[in-house]
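Residue numbers (the UniProt record's numbering): 1 to 1030.
Bear in mind the hints are in silico, worked out from the structure with no lab data behind them.
Check before you lean on any hint, since a few could be wrong.
As the list claims (entries may be wrong) - Okay, derived cross-link-like pairs now, DSS-like style, lysine-lysine, Cα gap no bigger than 27 Å in a straight line: (1) Lys182 <-> Lys245; (2) Lys263 <-> Lys179; (3) Lys715 <-> Lys678.
To be verified - Simulated restraints on C-beta separations: (4) Gly243 <-> Glu170: 27 to 35 Å; (5) Arg217 <-> Val74: 18 to 26 Å; (6) Glu931 <-> Asn965: 55 to 63 Å; (7) Ile746 <-> Asn965: 22 to 30 Å; (8) Gly463 <-> Lys621: 51 to 59 Å; (9) Arg821 <-> Arg842: 19 to 27 Å; (10) Ile967 <-> Leu444: 51 to 59 Å; (11) Ser1001 <-> Glu387: 50 to 58 Å.
None of these values were measured; they are calculated from a predicted model.
We put the CB at the ideal spot given by N, CA and C, even for glycine.
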Amino acid sequence: MGGAGSSDEVAEFSFLWRGDDRGSVLSVSDNISLLGYSSDDLISGKASFSDIIHPSDVNELQGKFSEFCDQEAVTFFKAEYRISSVDGGVCDVIERTFKVQQDDGTLFHGILSIKGSFDNDAGSDAEKIYCKNIVDSIQNPLLILDSTFHVFSANEYFYELFRLTPENTEGKYFLSFNKDNKEELTSFLEQGLEEDYFFEHLEVNCDIEGLGVRTMRLTARHLDIGIDSEKRILLLIEDITSGKKAEADLRASEEKYSTLVEKGNDGILIVQDGKLSFTNSKFSQMTGFGVGDLIGTELFATVPFEYYRMISKRLKKVLKNKQAIKRNDEVEFLKEDGSTFSAEISLSYLLYEHQPSVMMTVRDISERKKAEAELKASEEKYSTLVEKGNDGIIILQDDVFKFINSKFSELTGYSREELFEKEFLDHVPVDYRRMVGKRVKKVLRDGHSIRRNDEIEFLKKDGEVFPAEMSLSFILHEEKPSVMMAVRDISERKQAEAELKASEKKYSTLVEEGNDGIIVVQDGMLVFANMMFCEITGFSKAEVIHRPFEDFLPLEYKRMVLTKFRNSLEKNRKASLKYEIELLSKDGPNTPTGINSSIIDHEGRPAIMAIIRDITDQKQKEKELLELIEVQKVLETVIKSSPAVVFFWKPEEDWRVEFVSENISQFGYEADALMSGKVLYGDIIHPSDVERLTMEYDIFSGEDNLSFEYRILTKAGEVRWVDERSVIKRDPEGNVQYIQGIIVDITERKNVKSFMQIGSDMGMLFSPLGDVGDMFSQLVEFTTQMDDLDCGALYLVDGVSGDMNIVAHSGLSSDFIKSARYYGGKSINARLLKTEYPLYTRYYELTSMVPGEKLSFEGLEATALIPIRYGMELVAILMLSSHSAYAVPFEVRDSLEAIASQIGPVIGRMREQADVQKNIRNLQVIFSSMEEMVFMLDSDGCILYANPYSCSRLGYLENDLMGMNLINLYPQKMLIEAAAEIKEILEGRAHVCTIPFESSSHEVLPVEMRCSAGQLDGEPITICVSRELV
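Working from the sequences, and respecting the hints, build out all of it.
Pasting the structure below:
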């Protein structure tokens, strides 16, 4: 091999590789330098093992070595090939390589022997070198034994572990090192010699000095070094004490986790090929099935159909990726009784009985789902409170907005999106930032709310600011410490405070510089007096202060004034008292004054403040005006008692009223409403008369004195006839300035005239003693006999549905009646016939807007629709027509409307009485059996019904309670309090009252009364159930 030296000098080379990467050399014998290579270069990677191999043999050798590595059962590799030296020489070698198993992976130890013959001494040395290279390259204790089990060679790890040296080890009988296991070791080693290759393990205990008893695992294999025929045993010694301890710990852990699996709160399933291979007792308990019934069952037999697809996808994903799914899923499982329960499942991969499987953990979340539902309802409730409340609500986290309610957005003008994740202090003026920042930090540091509220200002989007009161609370928002801030707009309060401050300043000036004297009397002494009081009395302040107030009163007034002061203080009367007295004057006659006294708090104690006005001039004027006042009173009495209403109108559209006398109240209107323009006079004129009246005004506008008769509507909806007498006032140019007039109610006069004929013809038409059907028929017969009318029908209107039914008719064909007998409440026909005011028109105009059959075959012309009302409720419609006339005369219209105004209350009361009696009878059956006091009240608090127990317990007859106001059942001294609470209940703002009742025998009955609102035939009622308190 050129300069590499002879084969006798080289003999063989030793290599140690990690894994199947031949390029990663861990160790190489130093004699590799004979080939011109450095061992350091090979170990560091500067040169690789393939650099030594002849280029022509590299690929073939690599292929054979790869096959060897892939075969786990084969532990020895042998190959012949060529190697090259650095100077170009080539030599044939035989490679013998075997696997050495270690905890951190597989090592490959190889010997490259140069082909050639050697003498015995050289062979012996080569054998020792070979063995030495083997044992030194392994990082576990290692021995090479000869066929007689004597130590041929050992590595330094062996000496280090067993605290031995080469001198007292090499050549020694191996079994002498562990006599306790001699027989077992002998059998183990002899078995190895009988086989060409073997790989066996034996575990023995050794007592090692300084370490104590250690567990060793011996791995023996036959070693063929290819130099002589003597057999060698390669013995690897591995300290597995820690491993054995770990195994024991693992078994204990397995027992512990087995207990956890069976005794834990979660169900455990193992799924193989879609079937349950294992289930713990907890899952059996959850479902109600026995463990034996579940094993071997299809997983999908335990879940509802809608979860098949999702669970199937999750199982496939776990088996494909061989790892757990991090996200948990919520599903339902079927129970033995057919019901289901909610559960949370997590899936993980495992090998169960050496087969790929999926472990499913099942947690019953029924209670959690219930709690979540309750929490969601609670969140919705509080979310509504947060969003609909009057305060702005924000949540701050790290000084930025994390939540903003709609109220705060409204206050600032910013949208939520504009504020979210923005710096909070950017929306606070600079003057407040330091204070607010300190408050927020304190809340986060202390972990609780700040009780004291602070006033600050916030910046609005338009650049303005608004004052606010803020309160800070500590909360966890999204599991992070945060601050919730409630913001209340106090703009109005601040404005009121500013106004109050200005007012106080103003009134302070008024007190000292006003026209009234002001004094404060405490314990009978004057403790304050302004300058005007001094002027009224003629005394200086020094002469007034700290003097008894009675010193300034004439004798005849002392007792009266001091008594009023004393009674006000004793009874703590808040209301002021007004009266007139005289005050003593220092230099002249007494001064008449008006005094207005009230209780105030002066320097922490009650006192009397009196405002005193000099009424000397007033008294003189009173004397002069007395006669005029008396005359005025007479005139006012005359106007108020007169039926004539005085008006001043402006000549404007809708008759705007400048003045109207107070007796307009006879029509239900307030004078202020008309004079303020809330109600226009044109609004109260009957719609049917507006056009005629306007036309007549235009015709007679050139005259100065006007007189008209027309109808008006009272506030209650009644129709009244009035006679207007007006005078037109003009300016010098003749333009109308205003109209001055009076109106007089002439309804009775008109009714007398209209009904003079009606009364004689109708006879007993409205008598409640007659038959109802006959009364309706007589009404229709009577009205159709009026001028230009020859047929008609009376419709009754259902108070609930609005449906219309003909109850009487005259002069109409049977076909017409058949077609028009009934109209549904929401039909076009019903809406057309239900007019708010009387309607006079042609029949074809009336039906032109109705689709379908027009009933033109009846040949109707002039038609009148007269609404009949009971109060404001429509109870009937009177439809009258003519087959020949084209208009209804005005005098007939007046008569028809007069009849409608009379028949409406009759029909309404008949229907009302029937409905009320029916409903009360139904409720009586229920309430009569109750042993609690039950009352049914109308909207005024009057008793509509009281059950027998109430009558018995309170000592009243049923007729005594019917119609009585509930307030009369309370003790006299508690009437005011009871009246207030009953008012709240009737208005729906309260539902419970605990004020005691008082029986007819004056026994006080402690009760708790619970009330609820209801309706009886469309009218509001209140039902009260009172239970006696023991």
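To see whether the hints hold, each was checked on the structure:
Between Lys182 and Lys245, the direct Cα distance comes to roughly 25 Å. Compliance with the 27 Å bound is thereby established for this hinted pair. Between Lys263 and Lys179 the alpha-carbon distance is near 48 Å, which puts this suggested pair outside the 27 Å criterion. A distance of roughly 13 Å separates the Cα atoms of Lys715 and Lys678; the hinted pair therefore holds under the 27 Å criterion. Against the hinted window of 27 to 35 Å, the Cβ-Cβ separation of Gly243 and Glu170 comes to about 29 Å, which satisfies the hint.
Separation of Arg217 from Val74 is about 22 Å and conforms to the stated range, judged on CB atoms against 18 to 26 Å. Take Glu931 and Asn965: their Cβ atoms lie about 25 Å apart, and the range 55 to 63 Å is violated. At roughly 38 Å, the beta carbons of Ile746 and Asn965 sit outside the given window of 22 to 30 Å. In this structure the hint that Gly463 and Lys621 lie 51 to 59 Å apart at CB holds, the actual value being about 57 Å.
Our hint of 19 to 27 Å for Arg821 and Arg842 holds, since their Cβ atoms are close to 23 Å apart. Distance hint check: the CB atoms of Ile967 and Leu444 are about 56 Å apart, consistent with the given range 51 to 59 Å. The hinted window of 50 to 58 Å between Ser1001 and Glu387 holds, with their beta carbons roughly 55 Å apart.
When the structure is compared with the earlier hints, violations turn up for hints 2, 6 and 7 and for no others.
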